Every structure is written in C-alpha cells, then in structure tokens.
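Novice: Chain order of the listed sequences is P and W.
Just so it is clear: in the first sequence, position 143 is 143 by the numbering used here, and no numbers are missing.
Just so it is clear: in the second sequence, position 53 is 242 by the numbering used here, and no numbers are missing.
Quick caveat, the hints were computed from the structure, so don't treat them as lab data.
Among the clues, some could well be false.
What the hints assert, rightly or not - Only pairs whose alpha carbons sit at most 25 Å apart, straight line, appear in this in silico DSS-like list of lysine-lysine:
#1 W:LYS205 x P:LYS88
#2 P:LYS178 x P:LYS188
#3 W:LYS313 x P:LYS88
#4 P:LYS188 x W:LYS313
What the hints assert, rightly or not - Some chain P residues flagged as far from chain W (calculated, every beta-carbon gap over 12 Å):
#5 ALA13
#6 VAL21
#7 PRO110
#8 GLY141
#9 ALA144
#10 ASP173
#11 GLU176
#12 ASN179
#13 LEU187
Claimed, not checked - Covered stretches of chain P, as calculated for chain W (at least 3 residues, CB under 8 Å):
#14 3-9
#15 52-63
Computed from a prediction, not measured in an experiment: that's the story for all the values here.
Beta carbons are placed, not taken as given, at the ideal position from N, Cα and C, and that holds for glycine.
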Amino acid sequence: MLERRAAMAALVADRGDLLIVPGLGSTTWDLAAAGDDPRNFYLWGAMGGAAMIGLGLALAQPQRRVAVITGDGEMLMGLGSLATIGIKRPGNLAVIVFDNGVYGETGMQPSHTRSGVDLVAVAAACGFPQCCDVRDEAGLGALATRIRTFDETLFARVLIASDEPPRVLPLRDGIELKNRFRAALGLKA
Amino acid sequence: MSVATDWPDRLYTMLKRAGVRQVGYVPDAGHARLIERCRADDDIHDVALTTEEEGVALAAGAWLGGGRAALLMQSSGLGNCVNMLSLARSCRFPLLMLITMRGEWEEFNPWQVPMGSIVDPVLKLCEAEVHRASAPEEVEGAAARAVQHAFGDERIAAVLLSQQLIGRKVWSK
Chain P
1 MLERRAAMAA
11 LVADRGDLLI
21 VPGLGSTTWD
31 LAAAGDDPRN
41 FYLWGAMGGA
51 AMIGLGLALA
61 QPQRRVAVIT
71 GDGEMLMGLG
81 SLATIGIKRP
91 GNLAVIVFDN
101 GVYGETGMQP
111 SHTRSGVDLV
121 AVAAACGFPQ
131 CCDVRDEAGL
141 GALATRIRTF
151 DETLFARVLI
161 ASDEPPRVLP
171 LRDGIELKNR
181 FRAALGLKA
Chain W
190 MSVATDWPDR
200 LYTMLKRAGV
210 RQVGYVPDAG
220 HARLIERCRA
230 DDDIHDVALT
240 TEEEGVALAA
250 GAWLGGGRAA
260 LLMQSSGLGN
270 CVNMLSLARS
280 CRFPLLMLIT
290 MRGEWEEFNP
300 WQVPMGSIVD
310 PVLKLCEAEV
320 HRASAPEEVE
330 GAAARAVQHA
340 FGDERIAAVL
350 LSQQLIGRKV
360 WSK
C-alpha cells in the first residue's frame, strides 16, 4: 500500500505549470509537506468543495491543467460534484482521491469507502472518460506522468495506507492564498 | 417585450456586461428564461449543479483562474450553501447570487415557507449584501448594485427576486 506523503511528493515532483487544489485535511498537509507553491490553493474548510473549485478553475483557465487532490471523506461529502463534472468534462481537470478508508483528521473513523463504496466506479458511472485505480508504485509513476499530459477529464483513486504523519501546516490566511495564487497566474491580486 | 416580462433578459444582459463566463444553477422555474439564455450562449459555461453549494465552490475556482461566475438558485437553495459560504467569506471571493423567492406570496406549498422566510437574515448573518427586487423595474438596478458589490468589492452579493415578481406557481396541469 502506498504511503501518502511519498505519493503526494511523487505526483508533484515534476509538476510543470500544474495548478493544484488539495482538499480540507490531510491532503492539504501532504501538499504542504511536498513543498509550498503559490499555485497550491490549500483548503482549511469548504469540505466537499475541492472538486468544484477545480471545475471553476479549469473552465476559467482552459490552457492549464488543474489537479484536485483530495481525500475520500472530502470527496464523499461532494459526491454530487462528480456528476456535475461528469456532464461538463473539461479536458484539463483531474480529480485524484487519496483513499485510506478513514477520516484521519477526526480520529480514524471508517468512511464509506472502507465499507465498499467504489469511487472509481462512481466516477466512471458519472461519465469521466478516464478513470484509474492506483494501488502500487508502478501505478503511481504512471499517474505522475499522466497528470502532466492528460487531455480528457481524469479521475484517479490512489489507495494509501491509513497512517497519520505529523501535520505540516501551510499558510492559512484565505485572502493571501487567493491573492498569491492569482498573482502566480499573472492576474491582479 | 415589456419590462414586466423581460426582466430575465435584462439580467442576462447584465451578466454579459459584467463579464460573467460561468453560470451555475439548479433548475428552477423562476430562472427558466435566464437559464435558457445562458445555455444558448457559447461564451458562457452553463454548469448544472446537483446542489447549490457546488456553485459557491465553482465561483471561487472561477475567480482563482481570473474568471467571473454567477449562481442562480431558488430560496430553498440558500440553505444548502451555508457552510460553503465560509469559503467566500474566509477568502473574500466574489459571489453573485440571483435568488428567486418562494414561500412569501401566494405560496401554495407550505414547505417552502420555513427556508423562504429566513433567506434575508441568513444572508445578512453571512455578511452578504442583499438587494431585493419586488417589481420588474427594480430588477436591473438591484442587479447592477449586486454586480458592483460582488466583483468590485470582492464580497457576497445577492439579488432576491420576489415571488410577487415571478408570479404564483400554477399547480394544475
């Protein structure tokens, strides 16, 4: 099973101009641990909203690739957004779910995926043209390449171990996160 | 077409003038005409949502990417948005909401009343600027002020389109 911090580091090591929206909780800490970047829009709230922030961003920036990298609990709260994205299908949006089957931030309570809810099947049923299930290093390496080259809406579930590495906390001022992200795109802050 | 019936077209023109390129909506009878106009416009991404809170996040993402979005909903939808409005408030994302009201005038369905009756205070608790239009000739001005508040001041701004303006829902088919 993959270790979450190593998995995030592998995905973003050679990110190019990828824009990244992590979800509330562990994936935000994972992305911060991989190295800060103004093109990361960390979420300290808005649970269930990561994928839709990604959709708005992808539609506004059609020339850039956008990766939402969130957890299974955060994705489950916004499950309907997979249907919304599935009928819109921007070719520059990837939704990647780090799935450990538990709510790590609140004490490791089991999530629905632990009991068999299959997010890859949900995404496929919602019309995502590209879906993959990543369970090992080889699959992770392939996904790391794919998020730099994909041109159809992509969904990936990355099976990770349910360990809880020490938190690495990024900037949490929302206005500053917004302004520096826009500035990195050459927009007026 | 008279001002009494063409206010959705005026709203559409207002959105175009404001540079709105993404419109999120949950299907709604009161917004049917405006949704139709947006869907017919190749320069607007019309985004059908499964729940209104998705639109709050959509608008945040649009602004991060240099775009402008609007969110169309019925009054009941505001209740679905409340926690997600924290995203707009914490980061000062512009959020333009056009809300058709239910539960306030000749309402046949009493289940619309509990949410419809608290839209105004809920919005104010969420630090939104609220502009109500009760008559057709008030729509354009209310929308213009909301556009300024949303995109000029980077705040949450709502236009409440009263049930009186929209007309009562016909229940017999």
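Novice: Now, for every hint given, state plainly whether the structure supports it.
Specialist: Right, here's what the structure says about each hint:
1. Of the pairs offered as hints, the one joining W:LYS205 and P:LYS88 holds, with about 21 Å between alpha carbons and a cut-off of 25 Å not exceeded.
2. Among the hinted pairs, P:LYS178 with P:LYS188 is consistent with the structure: their alpha-carbon atoms are about 11 Å apart, no more than 25 Å.
3. At roughly 33 Å between alpha-carbon atoms, W:LYS313 and P:LYS88 are farther apart than 25 Å, so this suggested pair is violated.
4. As the CA atoms of P:LYS188 and W:LYS313 are separated by approximately 28 Å, the hinted pair breaks the 25 Å bound.
5. Non-interface call for P:ALA13 relative to chain W: holds, since the shortest CB-CB distance, roughly 23 Å, exceeds 12 Å.
6. At roughly 7 Å from the closest C-beta of chain W, the C-beta of P:VAL21 falls inside 12 Å, breaking its exclusion from the interface.
7. P:PRO110, annotated as away from the interface, keeps every beta carbon of chain W farther than 12 Å; the closest lies near 23 Å.
8. Every CB of chain W is more than 12 Å from the CB of P:GLY141 (nearest about 28 Å), matching its label as outside the interface.
9. The Cβ of P:ALA144 sits about 23 Å from the closest Cβ of chain W, beyond the 12 Å cut-off, so the non-interface label holds.
10. With a least beta-carbon separation of about 9 Å from chain W, P:ASP173 fails to lie farther than 12 Å from that chain, contradicting its non-interface assignment.
11. Not every Cβ of chain W is farther than 12 Å from the Cβ of P:GLU176; the closest lies at roughly 9 Å, contradicting the non-interface assignment.
12. P:ASN179, annotated as away from the interface, has a beta carbon of chain W within 12 Å; the closest lies near 9 Å.
13. With a least CB separation of 5 Å from chain W, P:LEU187 falls inside the 12 Å interface cut-off, contrary to its annotation.
14. By the rule of at least three residues with a Cβ nearer than 8 Å to a Cβ of chain W, the coverage given for the stretch 3-9 of chain P is violated, with 0 such residues.
15. A count of 10 residues in the stretch 52-63 of chain P with a Cβ less than 8 Å from any Cβ of chain W is obtained; the coverage claim is therefore met, three being the minimum.
Against the hints set out earlier in the document, violations occur for numbers 3, 4, 6, 10, 11, 12, 13, 14.
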